[in-house]
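S.K.: The primary structure of each chain is shown beneath.
There are 2 protein chains.
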Amino acid sequence: MSDGPMNIGEAARASGVSAKMIRHYENIGLISRAARSASGYRRYSGNDVHTLRFVRQARNLGFSIRQIEELLGLWRNQRRPSRRVKALAMAHAEALDTRIRELQAMKRTLRDLAAHCHGDERPECPILERLATGEPPGERIR
Amino acid sequence: MSDGPMNIGEAARASGVSAKMIRHYENIGLISRAARSASGYRRYSGNDVHTLRFVRQARNLGFSIRQIEELLGLWRNQRRPSRRVKALAMAHAEALDTRIRELQAMKRTLRDLAAHCHGDERPECPILERLATGEPPGERIR
DNA sequence: GTGAAGGTTCCAACGATGGGAAGGTCAAGC
DNA sequence: GCTTGACCTTCCCATCGTTGGAACCTTCAC
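Protein sequence lines correspond, in order, to chains A and B. 3 is the number of the first residue of the first sequence in my numbering; add one for each residue after it. 3 is the number of the first residue of the second sequence in my numbering; add one for each residue after it.
Treat the hints with care, since some could be wrong.
Copies of one chain are not kept apart here, so a pair can be met inside one copy or by any two copies together.
[Unchecked claim] Cut-off 20 Å, straight-line C-alpha distance, at most; resulting in silico cross-link-like pairs (SDA-like, lysine to any residue):
id : residue 1 : residue 2
1  : K109      : D99
2  : K22       : G42
3  : K109      : H26
4  : K109      : E72
5  : K109      : A97
6  : K22       : A36
7  : K22       : L76
8  : K22       : N79
9  : K22       : A95
10 : K22       : S34
11 : K22       : R61
12 : K22       : M92
13 : K22       : G75
14 : K109      : R15
Rather than coming from a laboratory, the hints here were simulated on the basis of the structure. Model, not experiment: these values are computed from the prediction.
Please model the complete structure; the sequences and the hints are all you need to start from.
M.R.: Pasting the structure below:
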């Protein structure tokens, strides 16, 4: 419970980032190399945990590792223009929006197709027809 | 332009599935092994192309390879109950919906944060604050 | 001392796709 | 015949973020 240096497991619990991922982030250079104990264990300060939490929050918002690298740089730079942070966030929001629209289009098509599928023991199925032909199925199996 | 057997490139053009992916699908067993010419070239019939188009359509709707495996089985099975196809489609639609909601939540948060960020040369930034603290930033920087 | 819990590194996998190297084949033109 | 270029083959590697496991070492409590 002290705020002294902790091992990776405790840092993981405190930050919400798994030990596996902490090591990974260190490997790819997203976070700086952790201090080590005499026996080689990584040691983490409250500050380190703070950084890890930042990373986790950013991941939760869907930022990529590259973007988080930039965000960390901006966070640490006291003279950052908030303009740059905002631009990064807006660009990401746009990307999310694009993806959302793609998924929505898929969902719409699926629901439309499913609505016309009897969903019983009979084999006729507009869903399969659509996949086979690429065409929306005919008016309806009358 | 004939409908005779074609090489992988032509099958790729005709189906919309890249040659790379056709080979990959064969490797993982999604599609059956293609016939070969004397010199070892893969040969595709109009039927094969039809199957490839089916796979592409399913991918376009976001089905996973596993699901497409099932869909192909149902497609080929003349005695399939449409119930099973519908269930598969609906389950996928649900998964899409879940994902959409996750992305929308991210987007909402990002837009809210960005709305409160000046986006100028000043360093204060509620976006970074939120990432650092996990808390929505205070009312506003007055 | 023994065992559990936790640390270390390294290697591999997921899903779907693309890039590229190194080499064989086929058709056309000369 | 020979060359050229388009096409094919297999194989390995990379992406992206995350997880799992093996083999081994350290710490700590009993």
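S.K.: All hints, please: hold or fail.
M.R.: Checked hints:
1. When the C-alpha separation of K109 and D99 is checked against a cutoff of 20 Å, the pair qualifies both within a copy, at 15 Å, and between copies, at 7 Å.
2. In this assembly of identical chains, K22 and G42 lie within 20 Å of each other by CA distance solely inside one copy; the values are 16 Å within and 45 Å between copies.
3. Within a single copy, K109 and H26 get their C-alpha atoms no closer than 35 Å, and across copies no closer than 27 Å, so neither meets the 20 Å cut-off.
4. For the homomeric pair K109 and E72, the shortest alpha-carbon distance between copies (19 Å) is at most 20 Å, but the shortest distance inside one copy (34 Å) is not.
5. Taking identical chains as interchangeable, the C-alpha atoms of K109 and A97 lie at most 20 Å apart whether they share a chain (18 Å) or sit on different chains (9 Å).
6. In the homo-oligomer, the alpha carbons of K22 and A36 lie at most 20 Å apart inside one protomer (14 Å), although the nearest pairing across protomers, at 42 Å, exceeds that limit.
7. Taking the closest pair of Cα atoms, K22 and L76 never come within 20 Å of each other, the shortest separation being 26 Å inside a single copy and 40 Å across copies.
8. For the identical chains of this complex, K22 and N79 are neighbours neither inside a copy (28 Å) nor across copies (45 Å), given an alpha-carbon limit of 20 Å.
9. Taking identical chains as interchangeable, the C-alpha atoms of K22 and A95 are never at most 20 Å apart, the minima being 28 Å within one chain and 32 Å between chains.
10. For the homomeric pair K22 and S34, the shortest alpha-carbon distance inside one copy (15 Å) is at most 20 Å, but the shortest distance between copies (39 Å) is not.
11. Proximity of K22 and R61 under a CA criterion of 20 Å is satisfied intra-copy only: 15 Å inside one chain copy versus 32 Å between copies.
12. With identical chains, the CA atoms of K22 and M92 are never at most 20 Å apart, being 30 Å at best within one copy and 35 Å at best between copies.
13. When the C-alpha separation of K22 and G75 is checked against a cutoff of 20 Å, the pair qualifies neither within a copy, at 23 Å, nor between copies, at 39 Å.
14. With identical chains, the CA atoms of K109 and R15 are never at most 20 Å apart, being 37 Å at best within one copy and 27 Å at best between copies.
When held up to the earlier numbered hints, the structure conflicts with 3, 7, 8, 9, 12, 13, 14 and fits the remainder.
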